[in-house]
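Enquirer: Read off the chains here:
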Amino acid sequence: MSTILDLHSHSEASEDSRAPVEAYLNWIKLKRHERPLDGIVLTEHRQFNRNADYRALEDKYGMLVLRASEIETDYGHMLVFGVNDDITRRFDFADVRLPAQQVIDEVAAMGGLVVPCHPGRPNVGLCEHYEKRPALDNVVAVEILNGGSRKGENERSAALVAKFGYRATGGSDSHMVSLIGVCATRFEAEVGTIEELVRELKTGEYEAVDFRPRPSPIARAIPVEAK
Amino acid sequence: MAVEYDPAIIGKVFDVTDPVPVTAAAVRDYCEALGETNPLFTDEQAARKGPHGRLCAPPSFAVTFRNGRHFYQHVPRFGRSGFDAGKDVEFIHPIFIGDQITLSSHVKEIYEKTGRSGSMVFVVIRSTLGNQLGETIAHIDHRFMHR
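Line order of the protein sequences matches chains A and B. Heads up: the first sequence runs through residues 16 to 242, numbered per this note's numbering. Heads up: the second sequence runs through residues 646 to 792, numbered per this note's numbering.
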């Protein structure tokens, strides 16, 4: 049984989002025919929302709601999965200049996983930093599909994945309700907890999936003589 | 851009306005300007039968109150330029005709973030609206971006 999760989303706990978690789940319920998600991962900016409890909402909507973080490092923005007390004691997530290599290595040693997100994005993506400095070691996966990317950014991410052989995830990077789940990650295995998510990201089979609506093809005009 | 500031400024009230009376004319003008037709805000008789038993102003009337003349002098600045990055308004208690509204403002938060266009510093100023009974009417968080 496979599991489809949006691995990158922001609720109103992030300062630049106004999306309530319940509204996300309700929207997914309404849009399930287009975005067949089993759950979402909330990756709040520069913090870990430790005390949030979404179990009642999970039961109400039959969907998984996991918590992670989006941090800012000297190599751009990165998602941290499997955040625990050891990790938050070791690193100040509010620091916008966290040392990426150290974070990747130590988070892995403490049971989590760091996934650089929107690598093709200017200034805060891995690609631009790789042009100036050595590539990072021990990167397992990067976000190849980001729902908030502008033209060319996901393509740059794809080129990075092809060059370095990274595994690839997808996430909507949604800050508003209607964008939740437009990009996601399909896991071969069943994922029901954050521990299982970290395990699958490290060793399982998965792929980025794109649920963004395709633009309708423009009808071609048929010359009168051809009719 | 290094962000250096005296942490003592966080939470310290720097601006308190004189009380401003809420008049029926001001609420009526506001409703007319917005096309507001809800009888709870526009019809005294209907409002008497409503949840508050009297006319009140639409919640968004809270944003019509102005900060003090020297408000912007107290907004900490970082970098070379900036812009208004929006407002969050939390409505807590209705505003009634005859209320006297006071605004008091403090620096709520200063934080950094990075984005496509580089590093930014955000300053959040919270203005709290209170009435003559000491009740909190609303919180308005003004967000300023600097770089």
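Hints are computed from structural coordinates only; laboratory data are not their basis. Since this is a predicted model, take the numbers as computed values, not measurements. C-beta atoms are modelled at their ideal positions from N, C-alpha and C, and glycine is treated no differently. Among these hints, one or two may not hold up.
[Stated by the list, open to error] Derived CB-CB ranges, DEER-like:
1. A:65 with B:656: 21 to 29 Å
2. B:653 with A:219: 49 to 57 Å
3. B:760 with A:46: 37 to 45 Å
[To be verified] Each computed PhoX-like pair below joins lysine-lysine, with the alpha-carbon atoms no more than 25 Å apart:
4. B:758 with B:694
5. A:147 with B:758
6. A:166 with B:657
Enquirer: Could one say that the CB atoms of residue 65 of chain A and residue 656 of chain B fall in the range 21 to 29 Å?
Expert: Holds - the Cβ-Cβ distance for residue 65 of chain A and residue 656 of chain B, about 23 Å, lies within 21 to 29 Å.
Enquirer: Can you confirm whether the C-alpha distance between residue 166 of chain A and residue 657 of chain B stays at or below 25 Å?
Expert: It is violated: about 44 Å lies between the C-alpha atoms, which goes past 25 Å.
Enquirer: Mind checking the hinted window 37 to 45 Å against the Cβ distance between residue 760 of chain B and residue 46 of chain A?
Expert: Cβ of residue 760 of chain B to Cβ of residue 46 of chain A: about 28 Å, so the range 37 to 45 Å is violated.
Enquirer: If I claimed the Cβ atoms of residue 653 of chain B and residue 219 of chain A lie 49 to 57 Å apart, would that claim hold in this structure?
Expert: 50 Å, holds
Enquirer: Between the alpha carbons of residue 147 of chain A and residue 758 of chain B, is the straight-line distance 25 Å or under?
Expert: At roughly 21 Å apart (the allowed maximum being 25 Å), residue 758 of chain B and residue 147 of chain A satisfy the hint.
Enquirer: Holds or violated: are the alpha carbons of residue 758 of chain B and residue 694 of chain B at most 25 Å from each other?
Expert: 49 Å, violated
Violation of the numbered hints given earlier is confined to hints 3, 4, 6; the remaining hints are satisfied by the structure.
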